[in-house]
Amino acid sequence: MRLRRVLMVMPILFVGACLVGPTYRKPSAPVPQGYKEMPKEGTAAAVTWKAAQPNDEARRGKWWEIFRDPELNSLEEEISVSNQAIAVAEAQYRGARALVGNVRSALFPAVGVGPSVTRSSGGTVTQSPGSGQAAPAVTVYEVPVDLSWQLDLFGRIRRSVQASLASAQASAADLEGVRLAMHAELALDYFLLHGLDAEIELLNKTAAGYRTTVEITESRFKQGVVSGVDVAQAKTQLNATLAQATDLGISRAQLEHALAVLVGKPPAEFSVPPAPIQVVLPEIPIGLPSELLERRPDIAASERQMAAANAQIGVAMAGYFPTLSLSGDAGYAGSKLAGLFSLPNRLWSLGASLFETIFDGGQRSAVKRQAVAAYDATVAGYRETVLTAFGQVEDNLAALKILAGETQYQGEAVAQAELALKLANNRYMNGVTSYLEVVTAQTTALANELLAVQLLTRQMTASVGLIEALGGGWRSSDPVASGPSPSR
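For the sequence shown, this note's numbering gives the first residue as 522, with consecutive numbering after it.
Take the hints with a grain of salt, since some may be wrong.
Claimed, not checked - Just the calculated beta-carbon pair ranges, DEER-fashion:
| hint | residue 1 | residue 2 | range |
| --- | --- | --- | --- |
| 1 | K557 | A764 | 41 to 51 Å |
| 2 | T544 | V666 | 38 to 48 Å |
| 3 | R867 | T639 | 16 to 26 Å |
| 4 | G785 | D881 | 48 to 58 Å |
| 5 | P591 | S955 | 32 to 42 Å |
| 6 | R625 | K786 | 36 to 46 Å |
Don't read these hints as lab results, they were simulated from the structure.
A quick note: this is a predicted structure, and the numbers were derived from the prediction, not measured.
Each residue gets a CB set at the ideal place from its N, CA and C atoms; glycine is no exception.
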């Protein structure tokens, strides 16, 4: 009964115990009023993104669906199931959550039971001088219940729980960061691959036209209208174009293999049918710069690491205060198994110990300074992460804005190059100029058409880069990444 009363009183003492250490407050970070590279309304770039609207929440999470590409959607779904980098991060997150339970268990008493049976003899019993008889053996049965409990009077354990919980939340954000990176990498490789398909298709189409030119040149050579130099130049142009198309197959194969690894399949069992990019640039909701602090998993992870480091300062400060431990034993012991659990065989003990370090050579002070320095490092790391995030957003905004203008100019360049090629062919067929003028016009037209295709690919990859820089479809308020703090 005494032990029971003590156990009933101790939680009350625990609740009223102190919690030493600084209270965590999220440090400030440099957040601009707006994005520097946001284009003005009415410009060509402004149509590729827009301010976030409330209904944009319906599309968050599966951000790749804004490209409206069924094949891309299918591949992205496979990543969530089969990508091994995500599997590693998910396992690490589960381990971090398990660690929270491990640390939290120290808040409660440890109770154990250790039944034992001991049979022993007490030596000899002397009945008369010079004679002795062996003492009878004795069997002792014991069923003890042991209890030990270190009371968290100054919050060392609670601060440790806070630190482990914040670390688990940072691990959850890291998991989301890996997911975002893998989904973005797949989208980037996907558009790069189909961009190469568009280039290969253009080169093959151009080569088909060059074959016709070779046939015409050979016919004119047989008629004695042109020299063999024109035939050689035409064949050189054809073969060089076919070689260029063939060479792009290396990069395409490598991108296809990379996609296979991302979706967790051997390259030998995976293929993507050749097709040029057929989607249009989506409207990307930008939002305010301040929202980036919630939408970027790496920023959320860095912020949680600060919270964990702050709690570790409390753990270090608790080392200046004494520790109070309770220990107790209760159970039954007797020489006969029958009736062992009876009142005469009952036993119990209860004790408490208080320990305080008198001299440690400056160890606790050094531990505290180390914890403060670690916290300061996480604060600087958090602010650096925020600045890096804004830099990445601005990079992709600038890329899309500049590429939009460049695409307009390139479209005009393609049109003029095609006109120049047509005129050169007419002049050559009429005998006004040499075939070298045709070759030059063909080279110029093909180079500009390839650049136009590459600009579309760059716009698509920059769109993916912008979505990734904006945090994709994740928020730090998601339940997986947050949880109640023991101090709140």
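>> When the structure is checked against the list of hints, which entries are broken? Sort them ascending.
In response: Violated hint: only 5; rest satisfied.
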